[in-house]
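Asker: Everything in the sequence shown is counted per this note's numbering, starting at 71 for the first residue and increasing by one.
In case anyone wonders, no lab produced these hints; they're calculated from the structure.
Accuracy of the hints is not assured; some may be wrong.
What follows is a set of in silico ranges between Cβ atoms, one per label pair, in the way DEER data are often shown [what the hints assert, rightly or not]:
1) 131 with 109: 32 to 42 Å
2) 158 with 107: 47 to 57 Å
3) 170 with 148: 39 to 49 Å
4) 132 with 109: 39 to 49 Å
In this text, all values refer to a predicted model and were calculated from it rather than measured experimentally.
Backbone N, C-alpha and C fix where the C-beta goes; we use that ideal spot for every residue, glycine too.
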Amino acid sequence: MATTARHSDAQGRKFVNGLPMRVIALVLAIAFGLLAWMIWRNAETVPLMMPQSAADLPLAAPSPAVADCVDKRLGEINRLVEQGLLSEDAARLTESRARQLCTGRN
71 MATTARHSDA QGRKFVNGLP MRVIALVLAI AFGLLAWMIW RNAETVPLMM PQSAADLPLA
131 APSPAVADCV DKRLGEINRL VEQGLLSEDA ARLTESRARQ LCTGRN
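Let the hints inform the model, and build the full structure from the sequences given.
Answerer: So, in structure tokens, the structure goes:
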């Protein structure tokens, strides 16, 4: 009985370590290697779901409340610039902050 078990076990090992299984393993390794190479080669051409920059984002019209708030703030900023109380650089920074403030509030 022990010899039969050893005999079938040896046959199983011979099949697993035999030439047909090695050929199958080699074919699979080559196929996976080619697949990985194709994915790597085309990785740059696949479009991403997210836009790359703010310029690629679709333009969304602000709500009327936000637009009114921004217009009011920009009018105040322009008056300060005309009066010489605010420099151009400071005005640009203040405009950006005003837009953020109005968007956050409304």
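Asker: For every hint, state whether the structure bears it out.
Answerer: Results for each hint:
Between residue 131 and residue 109 the beta carbons are some 40 Å apart, a value that agrees with the proposed interval 32 to 42 Å. At roughly 54 Å, the beta-carbon separation of residue 158 and residue 107 lies within the given 47 to 57 Å, and the hint holds. Take residue 170 and residue 148: their Cβ atoms lie about 18 Å apart, and the range 39 to 49 Å is violated. Between residue 132 and residue 109 the Cβ separation comes to about 41 Å, which falls inside the hinted range of 39 to 49 Å.
Figure legend: structure checked against the earlier numbered hints; the only hint not met is number 3.
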